[in-house]
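So the sequence shown is residues 81 to 754, counted in our numbering.
Hints in this document: simulated from the structure, not taken from any laboratory. As the structure is a computational prediction, the values presented were derived from the model and not from experiment. For every residue, glycine included, the Cβ atom is placed at its ideal position computed from N, Cα and C. Hints may contain errors.
Unchecked claim - Once the Cα atoms are required to be at most 30 Å apart in a straight line, the calculated DSBU-like pairs of lysine-lysine come out as:
(1) K480 <-> K600
(2) K234 <-> K122
(3) K310 <-> K378
(4) K709 <-> K239
(5) K684 <-> K644
(6) K122 <-> K566
(7) K544 <-> K231
(8) K378 <-> K276
(9) K675 <-> K644
(10) K732 <-> K156
(11) K566 <-> K533
(12) K175 <-> K385
(13) K291 <-> K638
(14) K328 <-> K259
(15) K156 <-> K234
(16) K701 <-> K724
(17) K403 <-> K480
Stated by the list, open to error - For each label pair, taking beta carbons as the anchor points, the in silico distance ranges come out as:
(18) D348 <-> S159: 15 to 23 Å
(19) Q546 <-> Y382: 52 to 60 Å
(20) Q332 <-> A400: 30 to 38 Å
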Amino acid sequence: MIMGNIQNRIDYLRKELIRHNGLYYESNNPEISDSEYDNLAKELEQIEKENPLFALPDSPTKKISGFVSSSFEQIKHSSPMLSLDNTYSQKETAKWYERIEKNLNNKNTEFTIEPKIDGVSASLTYINGSLTAGATRGDGETGEDITENIKKVKNIPYKLKADNPPYFFELRGEVYIDKSDFRKLNEEILMSVGQKFANSRNAASGSLRQKNPQITAERKLRFFVHSLGKIDGKQFESQSDFLQYCRKCGFQLQDNFKICHSLKEIMDFMEIMINNRDLLHYEIDGLVIKVNSLQLQKELGYTNKSPRWAIAFKFPAKQATTKLSRIRVQVGRTGIITPSAILESVTLAGVTISHATLHNFEEIERLNVNEGDTVLIERAGDVIPKIVKVVKKENRGFFKPPHNCPSCNSGIVKENEEEVAYRCINPECPAQFRRHLIHFVSRNAMDIDGFGKAVIDQFLDRKKIQVLADIYYLKYDDFIKLDLFKEKKTSNLMKAVAASKKHPLSKLLFALGIRRIGEKVSEIIAKKFKSMEALFNASIEDFTRVPEIGSILALSLKEFFENKTVRNVIDNLIAAGVNMIEPEAEQSGTQFDGKMFVLTGELKNHTREQAGKIIRSLGGKVASSVSKKTDYIVAGVNAGSKLKKAKELNVKIVDEAEFDILTGKLSLIENTKF
């Protein structure tokens, strides 16, 4: 491969890995299976190994996959939450086993094997036996503070039941939702907002990241512990000893756990679980195999992304044959034209499948697939149905891309030969506007809770929303007329709309859907430029001076802010009262300069995020647990163990009213009258 082609392939692979990482962790909407993602990563890793001059320190091959949302406070893990290497066959698993035995000089090693729960990783911290913090895995080093939500998971103990609990105990596990509870939840969600979760993992992830902990409580989440993070005051000899101690502490363990002494025992257990996985009351997507001895784990050590002493065996995808009835062409918020397959319904792994992904038109050409063909489909990773191959041709050739947009009938183009995507270039395309609205109100954007697809579709049908700013001019009578809306639901949604006006510039930038600009870059440029007006006045050179922004992103930003339609959109949002400023992260020299705060209990006038921003804007810092370094604890209703610890350490305790007086903020929430 010549040098130019090497660089192009590396750039493509890096962009694809970053994009798919975002789809999986940020959007809970993966397009490809785990094995396809791993194949891309392995290809990039091999190219970088053969061409070290092209390897970069921030390459996706050197990072732990994950994401830390700005919607929550952050917690630094006491030890990294690493991911596991994956295998997709028993042959690959056997090679890993033989490598372990060789590295340990054939010490007749014990292994543990257990199901891999298809849920969301979480870390729990106990101090003196009391639950003090909960966090997502995030990027492996830092996670989202979900303490109040994790306390609502029904089988997580607030206090450890074992005698003489260790002073510090951090453990990891998986938050999941039972199959039966997932079905009930989807029925309720479909009735209330007109859409449902694609799978139980998405349901667990979305439920765990709710701003209102009571919603988390209603979702009936559960937790299985699977590994040790860090412990002070106690030692274990093995993984199995650790798990048995967790059982004594009150944690629920999986029944399907086995200690194996040979490769044959491992393979036999794998066969049993492959054949009986559907009998479990929760979803699993593989098995996890670990060296049992903690001392041998220490000897084997880690790579920069994963432990050498553990491996995840991913179940093979389940397949079925059916007929491709129709290929539907959809338009995304950036105008990308995407094909999807409408299938004759077929049952696969206990789920009725009637749709499958086709990715793009190059994939259709590669498969040589057309409407009417009989196709082999698989449920890859038990999440995404996809077409593997054509079994029987009914129509000659493959399905061609349309010449015109299926929504607005405008012409579609490929912007350059390197792109696989076709795009509608009409900025007033109705389908693009609908998808743009869905993105604009989403949690990581303007975070208008309750403004789902069903609500958007009704307002579009009634022509109540024709430009973005129309959201902020909707009246009580507009909401109350919506299907299934009554006074309380109307009031809550109107409050959410009003509160979204106060969000920082960074959330608005992400909500605007600037091409190639994600949530992280939105935060970076908002902090750098401070205001929307400064962004309109910035040159390409101004953008490229920001270390994280290269020439391609700078061009995207410049083209966006030069667009007259964008100027009109922003002017309309300004007229509606939407904030266009990024607040200063910290102001030194105030009464809170360097002071450490801890928030506990339920606050009436503020969300945790809002209270934390007030503290940081006045120079203070926010921690997740109480220690001797804590200066203030803000105690809301139903404050628990943190308040007790604060009293023991003589930390200054203030209630919410005193906090408002201290900060000079009566409330961050506008008292809007409807």
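So, going through the hints one by one against the coordinates:
{"no.": "1", "hint": "K480 <-> K600", "result": "36 Å, violated"}
{"no.": "2", "hint": "K234 <-> K122", "result": "39 Å, violated"}
{"no.": "3", "hint": "K310 <-> K378", "result": "14 Å, holds"}
{"no.": "4", "hint": "K709 <-> K239", "result": "23 Å, holds"}
{"no.": "5", "hint": "K684 <-> K644", "result": "42 Å, violated"}
{"no.": "6", "hint": "K122 <-> K566", "result": "53 Å, violated"}
{"no.": "7", "hint": "K544 <-> K231", "result": "41 Å, violated"}
{"no.": "8", "hint": "K378 <-> K276", "result": "44 Å, violated"}
{"no.": "9", "hint": "K675 <-> K644", "result": "46 Å, violated"}
{"no.": "10", "hint": "K732 <-> K156", "result": "24 Å, holds"}
{"no.": "11", "hint": "K566 <-> K533", "result": "18 Å, holds"}
{"no.": "12", "hint": "K175 <-> K385", "result": "20 Å, holds"}
{"no.": "13", "hint": "K291 <-> K638", "result": "34 Å, violated"}
{"no.": "14", "hint": "K328 <-> K259", "result": "27 Å, holds"}
{"no.": "15", "hint": "K156 <-> K234", "result": "25 Å, holds"}
{"no.": "16", "hint": "K701 <-> K724", "result": "21 Å, holds"}
{"no.": "17", "hint": "K403 <-> K480", "result": "18 Å, holds"}
{"no.": "18", "hint": "D348 <-> S159: 15 to 23 Å", "result": "33 Å, violated"}
{"no.": "19", "hint": "Q546 <-> Y382: 52 to 60 Å", "result": "55 Å, holds"}
{"no.": "20", "hint": "Q332 <-> A400: 30 to 38 Å", "result": "34 Å, holds"}
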